[in-house]
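S.K.: The lines below spell out each chain.
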Amino acid sequence: MEGLYAITTGVLTACGLYLTLRGRTFPVVVGLTLLSYAVNLFLFSMGGLTTDGAAIVDGPASYADPLPQALVLTAIVIGFAMTAFVVILAMRARSEAGNDHVDGREEERQ
Amino acid sequence: MIQHLIVLPVVLPLVAGILTLRRRQGGTRSKRLIGVGATALLVMIGIALLAQAAGGEVSYYALGGWQPPFGIVLVLDRLSALMVLVTAVLALGAVVFACGGDDEKGSNFHGLFQLQLMGINGAFLTGDLFNLFVFFEVLLLASYALLMHGGGKARIQAGVHYVVLNLAGSSLFLIAVGVLYGATGTLNMADMAVRISELPAERAGLVTAGALMLLVVFGLKAAILPLYFWLPRAYAAAPAPVAALFAIMTKVGIYAILRVYSLLFGEQAGPLAGLEQSWVWWLSLATLVAAAMGILAARDLRLMVAYLVLFSVGTLLAGIGIGSVEATSALLYYLIHTTLVTGGLFLLAELIGVQRGKAGTRLVKGRPLKQGGWLAGLFFLGAIAVAGMPPLSGAIGKAFLLIAAEGTQRLWLWPILLGGGLCMMIALSRAGSTLFWRSHGEAAGETLPRRQWFGVVWLLGASPLLVVLAGPISDYTHATAVQLANPQSMIHALLDGESR
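If you read the sequences in order, they're chains A and B.
According to the UniProt record's numbering, the first sequence is numbered sequentially starting from 1.
According to the UniProt record's numbering, the second sequence is numbered sequentially starting from 1.
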């Protein structure tokens with residue numbers, strides 16, 4: 001399971017990073033979203049991967065670390081709000097600048 | 001009451017911010033009253049906290065009564081008390097200035113301003129790594145909206161870059177926190193310091209990776225060389241009172257570097273001790289050079305002040321790079337000076353721009369200023385202070401830092417810092433003579449409101465005050481540096497002490 005999990009996180013991060021470096025605001029927003037998904041998965045795995053374990057310390061012999069779950073919950077909420085904000089911002093920038101390039105102007109074609 | 005004092009710098013702005021939301025439109029008077037009242041109260045709380053921390057005792061506030069290392073704590077020591085007070089003093093100048101008319105150019109300036117203060121104070125007080133992230137997000141969210149307060153193409157464009165960069169930074173912050181949690185199993189910074197000192201050797205690499213990722217995140221906030229390109233544009237585009245408040249934002253990054261690395265990677269960390277120092281030292285010198293070039297090249301007063309902020313970041317980082325108690329003390333003194341003076345200069349640039357009409361703050365021939373004498377006098381004062389000329393506070397801060405450098409460090413720091421000072425003097429005198437002397441036509445426009453004058457004088461007046469009180473202040477910063485160099489006192493207070 002660890003291998004699959006690591007590959008998933010890695011692929012998500014790579015895709016997110018690639019899209020974040022694009023020149024248009026829409027791919028950038030999607031890239032940031034993918035990046036935050038990858039981060040959430042990564043955080044989740046930081047307490048160690050446990051299957052079928054209750055989130056209780058000092059309980060049964062096999063338990064899941066509850067703290068990363070709380071962290072992920074916080075990170076999801078913040079990430080969600082930020083995505084909403086950045087979408088609105090991108091639309092505003094589009095209407096102010098007249099195009100959707102992140103620099104507000106089209107690059108010159110040669 | 002007194003035991004709840006530590007949480008007040010977070011709760012008070014939150015309550016004030018919510019109160020301003022009561023009426024969406026109108027109610028300017030009541031909003032201003034709330035904004036200025038809460039900020040003035042914050043200054044008093046800051047003084048009370050400073051008095052409480054000055055004795056050298058580390059006290060903490062366990063939220064919900066959950067004791068560390070399990071609960072979330074706010075920690076008060078000399079450094080955090082100092083930072084909260086500096087923030088409050090800066091914010092008071094900025095908010096009174098904003099009441100001169102800038103707060104009406106967009107919706108709910110005062111609410112956002114208070115929320116930003118809440119985030120900044122929280123970041124200074126928290127003793128928990130994940131909470132540092134949360135407070136960073138709070139202050140960033142408010143800053144996104146404040147940066148674009150009033151709208152306009154330049155602000156929105158600068159805002160897009162600023163927001164996207166900081167979101168990427170936040171993701172990296174979470175990864176770093178995750179790595180450190182995975183390696184040490186705790187998020188409380190004092191507890192983490194203990195775990196790192198007992199770290200099994202096979203996890204050292206993981207902790208190093210996490211720590212250096214954190215350095216990238218803090219470097220983005222503080223605007224160190226490869227990560228500063230967002231700063232000049234964003235600061236030059238922001239409305240004046242917001243830009244003035246942003247003068248403390250880079251210092252949040254500096255504070256985070258100081259706090260995290262002095263506590264987690266102090267002497268007790270064994271082989272990992274001081275792992276950030278060589279990075280910070282060389283990057284700080286490069287930042288200083290880049291900032292000096294930016295100052296010389298700037299063709300707009302606001303852009304120039306933004307580069308002055310960058311130069312101060314380089315100077316402060318050099319202090320961290322040296323790493324001795326003397327250097328830390330020097331950088332703290334310089335931090336107070338540079339935060340207040342650059343904040344004041346942003347406000348002053350706005351006043352000059354308003355009186356010059358169409359020419360604005362661009363360094364071109366324009367119409368003469370109506371109140372040119374007073375503005376020029378203040379500009380002269382601010383320029384001398386920020387360039388580090390005697391007799392004002394910049395000179396004292398720089399002298400402390402130059403003396404603190406040792407051996408070959410002097411070889412690097414002295415020419416760069418002093419040469420940078422020369423660049424600042426050239427650029428500022430050129431800017432001043434263009435703004436105030438090269439003019440044509442008739443002076444026009446209105447006289448400036450008294451509130452805006454107050455904001456500028458309040459912040460720039462801090463510089464002479466810092467000189468007069470240089471003795472007690474440098475005693476305090478020295479005691480702070482000593483406390484930072486002994487992380488054991490904080491670890492002991494948090495993990496062995498009684499709840500307060």
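Simulated from the structure, these hints should not be mistaken for lab results.
Check each hint, because a few of them may be wrong.
So the derived label-pair ranges between C-beta atoms look like this [claimed, not checked]:
| id | chain 1 | residue 1 | chain 2 | residue 2 | range |
| --- | --- | --- | --- | --- | --- |
| 1 | A | Y5 | B | G71 | 49 to 59 Å |
| 2 | A | E2 | B | A209 | 10 to 20 Å |
| 3 | B | Q277 | A | G48 | 24 to 34 Å |
| 4 | B | K358 | A | A6 | 51 to 61 Å |
| 5 | B | E442 | A | R24 | 23 to 33 Å |
| 6 | A | C15 | B | G270 | 37 to 47 Å |
| 7 | B | K358 | A | F26 | 30 to 40 Å |
| 8 | B | K358 | A | R24 | 26 to 36 Å |
| 9 | B | N486 | A | Y5 | 34 to 44 Å |
| 10 | B | G37 | A | V77 | 28 to 38 Å |
Quick reminder that beta carbons are idealized off the backbone N, C-alpha and C, glycines included.
S.K.: Does 51 to 61 Å hold as the CB distance between K358(B) and A6(A), or does it fail?
M.R.: Since K358(B) and A6(A) have Cβ atoms about 59 Å apart, the given range 51 to 61 Å holds.
S.K.: Evaluate the given range 24 to 34 Å for the C-beta pair formed by Q277(B) and G48(A).
M.R.: Given about 32 Å between the Cβ atoms, the range holds.
S.K.: Between Y5(A) and G71(B), does the C-beta distance stay in 49 to 59 Å?
M.R.: violated (30 Å)
S.K.: Can the suggested window of 34 to 44 Å be confirmed for the beta-carbon pair N486(B) and Y5(A)?
M.R.: About 42 Å separates the Cβ atoms of N486(B) and Y5(A), which means 34 to 44 Å holds.
S.K.: Would you say the C-beta atoms of E2(A) and A209(B) sit inside 10 to 20 Å of each other?
M.R.: Once the Cβ atoms are compared, 18 Å apart, the range 10 to 20 Å for A209(B) and E2(A) holds.
S.K.: Do the beta carbons of E442(B) and R24(A) sit within 23 to 33 Å of each other?
M.R.: Once the Cβ atoms are compared, 48 Å apart, the range 23 to 33 Å for R24(A) and E442(B) is violated.
S.K.: Within 26 to 36 Å or not, the Cβ separation of K358(B) and R24(A)?
M.R.: holds (34 Å)
S.K.: How does the Cβ-Cβ distance of K358(B) and F26(A) compare with 30 to 40 Å: does it lie in that range?
M.R.: This hint holds: roughly 37 Å between Cβ atoms.
S.K.: Per the hint of 37 to 47 Å, is the separation of the Cβ atoms of C15(A) and G270(B) within bounds?
M.R.: The hint (37 to 47 Å, Cβ to Cβ) holds, given that C15(A) and G270(B) are roughly 39 Å apart.
S.K.: Is 28 to 38 Å respected by the C-beta to C-beta distance linking G37(B) and V77(A)?
M.R.: Once the Cβ atoms are compared, 31 Å apart, the range 28 to 38 Å for V77(A) and G37(B) holds.
Hint compliance for this structure: hints 1 and 5 are not met, and every other hint is.
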